[in-house]
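Chemist: Using the sequences and the accompanying hints, generate a full structural model.
Here is how the chains run, residue by residue.
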Amino acid sequence: MLEFIARLPGRLGRLYGWFTGRRPFPPTVNSPRQLYALIAHNMIRRSYFFRTLYAVAASIFKYKERILADRINFGARLHGPVTVDTLRNAVLWQRYVLNAPPSKLKAHANFHISGNAEQVQLDRLMSLLLMSDVFANVNVFFDEQAAHDAHVFALTVAEERRGREDECDLDASQQVRAEMFDNPGWTRIFSTTGFERNANNYLKTAHPGAFVVALGLPENDEGFCDEWIGPWEEAVRALAPEFPDVTFVVLNRVGPIALQSPAGSMRSAIAFARKAGLTLAEAACLARKADAFIGQMDMFGLAARAARRPGVYMMSPERADLSDPEAGIIHTGLLAPNEAMAQFRALLANRPAPAAAASKALSDSESNKRLRR
Amino acid sequence: MGSRLGVIRQFLTDIRSAGRERFAGLFDLSYLHYALGDALTAQMNIACLAREAGCTGIDLCLFVDPVYPAAQAQDFINRYNYPVHLDNLFPAFLCLPGLSSIRLVRDSVTAGLILCSLAASRTPMWPSLHQHLRRRMTYPMSHDIINRFYAREGFVPQLAAPRGYGRWAREFLLQHWPDRFVVCINPRQSRLNAIPAATYRDSPLNEWHAFIDTVADRYPDVHFLMLGGFHEWESVLTRRPNVSIPRVMGLTLAHELALLRSADLFMGASSGFSTMATFTDVPYVITNYEHLFASVAGVEVNAPRYPFATEHQHLVWLKEDAALLMKYFEAVYHRLQPQE
Numbered sequence: 003m004l005e006f007i008a009r010l011p012g013r014l015g016r017l018y019g020w021f022t023g024r025r026p027f028p029p030t031v032n033s034p035r036q037l038y039a040l041i042a043h044n045m046i047r048r049s050y051f052f053r054t055l056y057a058v059a060a061s062i063f064k065y066k067e068r069i070l071a072d073r074i075n076f077g078a079r080l081h082g083p084v085t086v087d088t089l090r091n092a093v094l095w096q097r098y099v100l101n102a103p104p105s106k107l108k109a110h111a112n113f114h115i116s117g118n119a120e121q122v123q124l125d126r127l128m129s130l131l132l133m134s135d136v137f138a139n140v141n142v143f144f145d146e147q148a149a150h151d152a153h154v155f156a157l158t159v160a161e162e163r164r165g166r167e168d169e170c171d172l173d174a175s176q177q178v179r180a181e182m183f184d185n186p187g188w189t190r191i192f193s194t195t196g197f198e199r200n201a202n203n204y205l206k207t208a209h210p211g212a213f214v215v216a217l218g219l220p221e222n223d224e225g226f227c228d229e230w231i232g233p234w235e236e237a238v239r240a241l242a243p244e245f246p247d248v249t250f251v252v253l254n255r256v257g258p259i260a261l262q263s264p265a266g267s268m269r270s271a272i273a274f275a276r277k278a279g280l281t282l283a284e285a286a287c288l289a290r291k292a293d294a295f296i297g298q299m300d301m302f303g304l305a306a307r308a309a310r311r312p313g314v315y316m317m318s319p320e321r322a323d324l325s326d327p328e329a330g331i332i333h334t335g336l337l338a339p340n341e342a343m344a345q346f347r348a349l350l351a352n353r354p355a356p357a358a359a360a361s362k363a364l365s366d367s368e369s370n371k372r373l374r375r
Numbered sequence: 129m130g131s132r133l134g135v136i137r138q139f140l141t142d143i144r145s146a147g148r149e150r151f152a153g154l155f156d157l158s159y160l161h162y163a164l165g166d167a168l169t170a171q172m173n174i175a176c177l178a179r180e181a182g183c184t185g186i187d188l189c190l191f192v193d194p195v196y197p198a199a200q201a202q203d204f205i206n207r208y209n210y211p212v213h214l215d216n217l218f219p220a221f222l223c224l225p226g227l228s229s230i231r232l233v234r235d236s237v238t239a240g241l242i243l244c245s246l247a248a249s250r251t252p253m254w255p256s257l258h259q260h261l262r263r264r265m266t267y268p269m270s271h272d273i274i275n276r277f278y279a280r281e282g283f284v285p286q287l288a289a290p291r292g293y294g295r296w297a298r299e300f301l302l303q304h305w306p307d308r309f310v311v312c313i314n315p316r317q318s319r320l321n322a323i324p325a326a327t328y329r330d331s332p333l334n335e336w337h338a339f340i341d342t343v344a345d346r347y348p349d350v351h352f353l354m355l356g357g358f359h360e361w362e363s364v365l366t367r368r369p370n371v372s373i374p375r376v377m378g379l380t381l382a383h384e385l386a387l388l389r390s391a392d393l394f395m396g397a398s399s400g401f402s403t404m405a406t407f408t409d410v411p412y413v414i415t416n417y418e419h420l421f422a423s424v425a426g427v428e429v430n431a432p433r434y435p436f437a438t439e440h441q442h443l444v445w446l447k448e449d450a451a452l453l454m455k456y457f458e459a460v461y462h463r464l465q466p467q468e
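These protein sequences, in sequence, are chains A and B. Mind the numbering: the first sequence is residues 3 to 375 in this note's numbering, read in order. Mind the numbering: the second sequence is residues 129 to 468 in this note's numbering, read in order.
In short, the hints are calculated from the structure, not lab data. Each residue gets a CB set at the ideal place from its N, CA and C atoms; glycine is no exception. Mixed in with the good hints, there may be bad ones.
According to the in silico footprint, chain B covers these stretches of chain A (three or more CB under 8 angstroms from chain B) [said to hold, decoys possible]: (1) 116-125; (2) 143-154.
Derived SDA-like pairs: lysine to any residue, alpha-carbon spacing no greater than 20 angstroms straight-line [as the list claims (entries may be wrong)]: (3) A/66 to B/145; (4) A/66 to B/138; (5) A/66 to B/358; (6) A/108 to A/138; (7) A/206 to B/358; (8) A/66 to B/136.
Modeler: Okay, here's the thing in structure tokens:
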């Protein structure tokens, strides 16, 4: 009894705090505002008590989902460096998830890292997943025990029974199918909201009015394309006099040595989006926004192809069936830079009218400048 | 009826099944900040408490409710642009030693089950369940837990290079700047940010440039790596041959933190990167340390270093100029040179 009386002031204080929204109001705040604050503060998930109730209710709801639902948690394995192929496979895997039987429930991803975790760099994979809205939760497990402990909320009972048989190996090559590109679901994988701003600003400030060609070069395991810059720059330089209004922008990372080389300098025939501060996700947005694409059918290639950008898409083995001549989309095998540029030259020569008009305006302005000089 | 009771019993068994030998770290961005310093300090708290609890692994949960993706103090982050901010910050959460899993939880229903499971199984966690449900955190985050751990154990756990990047950083430095004394720098430049804040804490860039040029003349074996957001440096820095900028190469925060972890010295204003240096054994000089932070960090104003710092880790309570930077640089540089 004495204990109850001793705790009474504290309880009354807490009760008062709850009713007043736990917020000291300045004297100038009027009563309706106080009432609004009370409701908002207590009911819109601001109150301790409401949050506790919400957590309990949510856990019951989620548990019901665990018992009844199936194919809402999708597993993937990673056991080596996250390379350009891994990223491409991750994009195609999301495509597969989108093609799964429709469910009203959100999909979640579970990544199991096996092998040497010191080789697995997650930054690019997470960028890709944050750009996408295919998955709500993303769990990355570095050991089996962690995966086992999380089974209550990371797997449903049906998924648990099946084990890992459906798990996708992101290091194993996945097939690109022609019908994939007819599906509008790509905007969920390459959602540009938030990331589009910098890509758009870059196009306007660095290349105003130009016909921008996104260039997706081969890269090493760390994402650097240094060793391929030289040959591609030569090929671009050969094309430049014929099309002065065309700018080529490399989407990949560039290492310190390449940045110091002539190709990495300001006056290079090619520009580097990442040098201008664009992140991987923003570079993918750039691939979708540029006027054309030329390069590997990697993550950037898929982003551009999904946006139906005209261009030359290279992959091995060659998949001519993916080509769409009407849209100016050419799929080839792996080509040397000069050969790829030769194919691209034909596309540039037959550019769509609006871009041609823009380039004409640009070249007119250039010739006016020359005249003024 | 019997089957329903069975389901309820199974539910209770399942939510109690989380092991107490694992520690849970919760980082709920609806009240915690998208800030490097806070993310790293939180991880230090988690690392200390996990050791205290004798846990073998740590599961880190990032709760991001897309409807309320950020705290009120960061109301410029909304449901449309939070992935951009999270993309920038995510690698910071890979620095936690003993990390077993990292879970990005954007589904509030799943978050509810995780919370119930942690509470029912009495899994040790940070912040406490009570504190988490209150959604209150004092800023700047205090070093109380860390200092308490140090007072008892005589050491503190160290933050590691982000998982997957440690070996890369060592090899990258060896490949590009072998035999160089690598100094990571981060002069704070909030004024160049899209949303400037506390610009009085910014570093004087001209003083830093003068310092870098003087070092180039006197110590040609020194190479600087400029860390921080792409907006934080002025373009004249790219003309200096003794400076490289990882962000210009398309590298991310993960690479920067790993490079800092492998560098010979860190110099910079009190900010997120200095927090990373604070909780490692990398020699550092943190400049313009605010008097306001002294009580939070558990040090006296003008204290030369944190209680748990090593000999070459310096706190400077003055706004830096080129001479001051040079003085501290030379002190560390000469002490760290191999004796002939």
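Chemist: Please go over all the hints and tell whether each is borne out by the structure.
Modeler: Comparing the hints with the structure gives:
Against chain B, the region 116-125 of chain A contributes 7 residues with a C-beta closer than 8 angstroms to a partner C-beta. That satisfies the three-residue criterion, and the hint holds. Counting residues of the region 143-154 of chain A whose CB falls under 8 angstroms from any CB of chain B gives 9; the rule of at least 3 is met. At roughly 17 angstroms between alpha-carbon atoms, residue 66 of chain A and residue 145 of chain B fall within 20 angstroms of each other, so this suggested pair holds. Proximity of residue 66 of chain A to residue 138 of chain B is assessed by CA-CA distance (about 11 angstroms); at most 20 angstroms being required, the pair is judged to hold.
Restraint check for residue 66 of chain A and residue 358 of chain B: not satisfied, since their Cα atoms lie roughly 46 angstroms apart, outside the 20 angstroms limit. With a C-alpha separation of about 6 angstroms, the suggested pairing of residue 108 of chain A with residue 138 of chain A holds against the 20 angstroms cut-off. The suggested pairing of residue 206 of chain A with residue 358 of chain B holds, with an alpha-carbon distance near 18 angstroms, which does not exceed 20 angstroms. Of the supplied pair hints, the one linking residue 66 of chain A and residue 136 of chain B holds, its CA atoms being roughly 10 angstroms apart against a limit of 20 angstroms.
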